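Use the sequences and the hints to build the structure in full.
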Amino acid sequence: MGALVAGGWGLLAGSALLVGAAAGTLFRVPARWVALVMAFGSGVLISAVSYDLIEEADKQGGLAPTALGALAGAGVYSLANVALAARGARHRKRSGSQQPSESEQPGSGGAIALGALLDGVPESVVIGTSLLGGGSVGTATVVAVFLSNLPEGMASAAGMKQAGRGRGYVFGLWAAIALISGLASLAGYTLLGGASDNVMAMITAVAAGAILAMIADTMIPEAFEDAHLLAGLTTVLGFLAAFTISRS
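Counting the sequence shown from 1 gives a position; this note's numbering is that position plus 74.
Warning: the hint list may mix true and false statements.
Here are the simulated distance ranges between beta carbons [as the list claims (entries may be wrong)]: (1) 303 with 273: 36 to 46 Å; (2) 302 with 272: 42 to 52 Å; (3) 156 with 100: 40 to 50 Å.
The hints are simulated quantities; they were obtained by calculation from the structure and are not laboratory data.
As the structure is a prediction and not an experimental result, all values here were calculated from the model.
All residues carry an ideal CB built from backbone N, CA and C; glycine is no exception.
Shown next as structure tokens:
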């Protein structure tokens, strides 16, 4: 039963990608509004990383596993992001004309898909692990992932549309990522049930480091691109909203 609950939470968080993709494909959402939602989602995720993930990892295993895990997660994410950016996925969260079409850069569609997977899996795994040991899923973590996925789906789908990719590709991609998010959450719950506190701390911190690197590399630059000076204020509002939820 717990495994199904874990998968369901991951699928719910990932489903925001489809909602955002529908909005970005079917409607003309102003770029500034997408950027503001992206900034808010960045703040929510930063709060979740700080108070749900890093804090929990430190309680489980102490400073050393937490710091090593966070650095490992950020390092692996950054290296993978550099490799994918060179293949056309640098602007996968951009809503404008920055994304290359397949004719401009062959293979960029697959790189964008892998980039979306890279962004989503760490978030989903940690949702599953938070349910281990009879725990309850962190509301702030699920809200953070859901809210960060909305603008990602909106911006990426709008950018894919401008790059000439069809609706079948866009919705197929985000449906697949949403499904994989559920499976990643399920895997986090089922595969890590017997892990020690130090191992759990390391895994949680790895996810936290990858998420924080993703925020800095992809979400905040996109938010500032169109929201400009409102990006900082909106990010703080998102941070405070998630902090309030985590403490309620």
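query: Can the suggested window of 42 to 52 Å be confirmed for the beta-carbon pair residue 302 and residue 272?
result: Distance hint for residue 302, residue 272 holds at roughly 44 Å.
message: For the hint 40 to 50 Å, verify it against the beta carbon of residue 156 and that of residue 100.
response: With a Cβ separation near 33 Å, residue 156 and residue 100 fall outside 40 to 50 Å, so the hint is violated.
message: I want to verify a distance hint. Is the separation of the beta carbons of residue 303 and residue 273 within 36 to 46 Å?
response: 43 Å, holds
Checked against the numbered hints above, the structure breaks only hint 3 and satisfies the rest.
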